Structure formats: structure tokens, C-alpha cells
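**Student:** In case you want the letters, here they are:
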Amino acid sequence: MRPVALWTVVIGALLLFGLVRLPLEKSLDEAHRAANLRTATLDIGLREQIGQLAYAAALSGFRSLVAAFLWIEAHTAWEQTAWGRMAGLFQSVTGLQPRSLVYWDLASWHLAWNASVAARENPREPSEFLRRRAEREYHELGRDFLERGIANNPGRYLLRERLGIMLRDKFQDHCAAADAFADAAARPEAPPYVKRLAAYELAACPGREREAYEKLRAIYLLGEDERLPRVVTLINELEAKLDIPAADRLAPREE
Amino acid sequence: MIRRTAAIAAVTWTELVRLKVFYFLVIFALLVIGNSFFLARFSFEEEFQMLKDIALGAMSIFSSLLAILATATLLPKDREDRTIYTILAKPVSRTEYLLGKLSGVFLLLALAVLLMGAVFAVVLLLRTQALLHGTAVEMAALPPAEIEAALGKIRAAGHDPNLFAGGIVILVKAWLLAALTMFISTFATSTIFTTITAFAAYFIGHLQATAREYWLAATESGFFTKGLLALVSLVFPDLQAFNLVDDIVTGAAIPAAIFWKTLALGAGYIAVYTALAAAVFHHKEL
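If you read the sequences in order, they're chains A and B. Residue 255 is where the first sequence ends in the numbering used here, and the numbering goes up by one at each step. Residue 286 is where the second sequence ends in the numbering used here, and the numbering goes up by one at each step.
Treat the hints as calculated values from the structure; they're not laboratory data. Where hints are given, some of them may not hold.
[Said to hold, decoys possible] So the derived label-pair ranges between C-beta atoms look like this:
#: 1; chain 1: A; residue 1: Gly12; chain 2: B; residue 2: Leu30; range: 45 to 51 Å
#: 2; chain 1: B; residue 1: Glu146; chain 2: A; residue 2: Glu140; range: 31 to 37 Å
#: 3; chain 1: B; residue 1: Ala121; chain 2: A; residue 2: Thr233; range: 44 to 50 Å
#: 4; chain 1: B; residue 1: Glu213; chain 2: A; residue 2: Ala218; range: 43 to 49 Å
#: 5; chain 1: A; residue 1: Thr8; chain 2: B; residue 2: Leu115; range: 41 to 47 Å
#: 6; chain 1: A; residue 1: Gln52; chain 2: B; residue 2: Ser43; range: 29 to 35 Å
Computed from a predicted structure; not experimentally measured. For glycine and all other residues, C-beta sits at the position ideal for the given N, C-alpha and C.
Just chain A, same shape as in the assembly (with noise of 0.2 Å):
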């Protein structure tokens, strides 16, 4: 066979393998997405705060690795205590690896818990409203974090719990905290106590007493190891700001 003959074989057979896998290449590009994979979208912001070596490295698919040595990096920026640098390298960790809960959980974390103290106790800062200031910020930052996540993981309870704990340590909104841990009590994998923690911060929410009522006596309705003293203790207060008869009255009062 002449060349010019075996190279238009070759670039037709090519292309035609092309068209032929393209169907199943979409199909699989589908079935990604629909099973919540491959979701990092490797954009110009990353590739401005990674670097253009690390950019390529996640583009080659070596993502999981890049974000491995970023993660290194942010954890050396924290025992440095230079917050703004680790916060950064949290960005790029997260956006890297969307997917993985202990970056999205431990970032926040970081952020919500040591920085927002750091900040608060900021010794170079001598306006107490600026150190607040600051402190609230990291409190946002790391909300923002949890939210992002959740928002990545739809399906999963770790980071929604979290959230709850951070509304309610932090914000101390409990109407919210009991929204994220009902939310979060809601998943497949969600463990026991976190229907209890929903019910505890909506028994806090002024206004909706009636539902950490109902909810309560639902999770003591369960059985004996539900009867958790503070579940009993709640549902006596409330049974007695609720004014409930007493032949309706659920649980014995803690002595």
C-alpha cells in the first residue's frame, strides 16, 4: 500500500473510532455526573491560586495529589498561625477536591474555631470591635465552607451536622442548628444522635416548642435507649411550658 493510502486508512480509521466511542463517552461523561463524580471545575481562579505547575499537574490528572501537597501546605500555614494563607490554600484544596468531606469539614473548622479565636484575641489589635469584627468574619468564612460543601455533597450528613454545631456553638441561632441537624438527621448514613441534636436545638427555638415537643416524644417513643436523661428533662420542661394535661404527660419527672 502506498503511504498517502495507509495514512488516509489510518486517520480515517482514527476518526472513525472517534464517532464510534463518541455516544459512549458522553453516556459515561452522564453517568459521572449523575453519580456526582468528576465535579472539580478546574477554572482560571484555581489556576490563579494554585500556581500554573500545580494547575497542570491537576489537569493531568494528578488532582488528588496536588490537593494532598496544598493541604500539607495549609496545615504548615496554620501551625505558622498565618490565617489569610491558610484560608487561601483552603480555596484551593476544596475547589481541587470538591468531593472529599474531611477538607470541607477541617477547613471550616480552621476557620470558624482557630482563626475566628486568633482573631479574637488578636494581641496586635488593641480596638476590641475590630478584633469582633474579625472574628465574625472567620465565623462566616467557615459557614461558607460548610455551605460549599454541602452544596457539593448533597447527599452526605457529616458536613450538615457540622453546620449545626457551628449554628448553634457559634451563631447561636438554634432555629437553624435544628433545621441543619434535622437536615442532616434526613441522609442514609446520618448516626442516631443526630435526630436527637435537631430535636435539643428546636426545643431552644423560641416559637416552636410544640414541634421539639412532638419530636421528643417521637424519639422517646422509640425505647429505652432513647431515654437519654436529657431527652426526659426536655420533655418535662416543655411538657410544663406547654402546658400539657397531665394524663397526656409522656415521661416520668427526673428526680
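Add chain B to chain A, keeping to what the hints say.
**Tutor:** Relative to chain A, chain B alone:
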């Protein structure tokens, strides 16, 4: 035919092993074991996450490098040593010769991935056992249900059957790269040309899915741009389809249908690139 191909595969395997390519395993082992000591300062979730990230990432890098570099040297070396003429002077077809060479590389890659997987599995197992033991001792005074819950978390982080599927996909990707490099080397003029072209194809292959998406999307790009995107989509392999490890390390379960489809796609690529390599090699002037 099988006997002759197997004989060439065995010789190719021996030649590659003599090149001491397995020395990279020492680097891999040092990387994984060294990291496991360094990562002990992190929480166990971080430690396992990064151990998996680094080990599977390194497996992917080493197997891809090995696939391209080992295959690129095969044909030029045989021509340089003149062994190709001796072999083809015997009743061995060019296709058998090529298949034998490729099978030798496939064997080498399979063993390399197996050994790297074994090193990784041992390190992961040892770290899991150490953590399980340490946690059980630390929590001895707590109720058994709490201890079991904590140990269950560690076990879940340490033992993930999807990691095995990840190793298989890494191997198939390496085989695909070997077949592609073999195809390039049948018309290449030198080892350097083959290596550079294979690496270029490797990088473009990781962007192929993006090119395909833009090509098929109803965008208002010009004829030239559309043509270029179509060419990239049709000619280059979609290597992103084989990047399941990035998701596996996060604990995501890979549905069986996706796993098998990925393997089928890989088998298709390998078959076509090998057939094209055989066609070009058949008409090559030696």
C-alpha cells in the same frame, strides 16, 4: 501464533526488567512509607485521606511514566541492536512481533501496579491496625458502643474496597498509554519524538472531554475553532474518563456500571491503537 507472541513477550519483559525499571518502586515505597510517618501528626481522617491521595496519585504518575518511557524505547532499541531483523527473518509476522512487544510491556505494567498496590495496602493496613489499637487503649474506660463507633470510623476510613477498583483503572489507563505510545512509535523517527508526542497526547487527552463538550455544545464559535475541537475530540483519547481515583480517594463509591463501561472503553482504545500500530508497522520499511 500465541506461542510466538508469548515468547517475544517474555523476552521483552526480561529486557525491560534488566533495564532496572523497578528501581522506581523504591522511590514509591519511600514516598508512601515516609509520608505515613509524616502524616501521623494529622487527624486520622486527614492522614488516611492524604495517604490515599499521595499513594494513588503516585501510582498513576509512575505507571503512566513507565508505560510511555518503556514502550517508546522498544522498537528503536530493537532496530539499533538489529534484533528486529533476526526476529522478522524467522517465521514471525510483524503483527505477532508487535503484539509480543506490547504484551511484554503490559505484563511489566501489571506487575508494577500490583507491587505498588501491595506496598500501599500494607502501609494502609499497618496504619489502620496501629490506630485501631491506639484508639481501643485510649477509650478503654468508655462504653463499648462508643468504642465500637470510633473503631468503625477508623475501619471505614482505612478499608475501602473501591481502592482496588481504582488500582485496576490505573492499570487500564497505563495499558492504553502503552498501546498509544506503540502506535506512535511505529511511525516515529526517534525515541525522543515518540516520547514527546506520547506526552503531548497524554496532556491533550486530559483536556479531550472539555474539547468534546465545547464542540458538541451549541456555541457560536467559528468554523476553524469547531473543526479543531472536533479533531481533538475524535483523534485523542478521553483520559479524564480514567481519572476515577480522584473521587475514590474521597470515599465516593464507583457504581459497577461506570466501572465496567470505563474498562470497556479502555479495551476499545487498546484494541484500536494496537490494530493501527500493526497496520502502520506492516507497511513500514525497516
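**Student:** Could you run down the list of hints and mark each one as holding or not?
**Tutor:** Against the structure, the hints come out as follows:
Between Gly12 of chain A and Leu30 of chain B the Cβ separation comes to about 48 Å, which falls inside the hinted range of 45 to 51 Å. At about 33 Å, the CB distance of Glu146 of chain B to Glu140 of chain A agrees with the hint of 31 to 37 Å. Between Ala121 of chain B and Thr233 of chain A the C-beta distance comes to about 49 Å, which sits within the given range of 44 to 50 Å. Between Glu213 of chain B and Ala218 of chain A the beta carbon distance is about 48 Å. The supplied range of 43 to 49 Å therefore holds.
At about 43 Å, the CB distance of Thr8 of chain A to Leu115 of chain B agrees with the hint of 41 to 47 Å. Checked against the hint of 29 to 35 Å, the pair Gln52 of chain A and Ser43 of chain B passes, with Cβ atoms roughly 31 Å apart.
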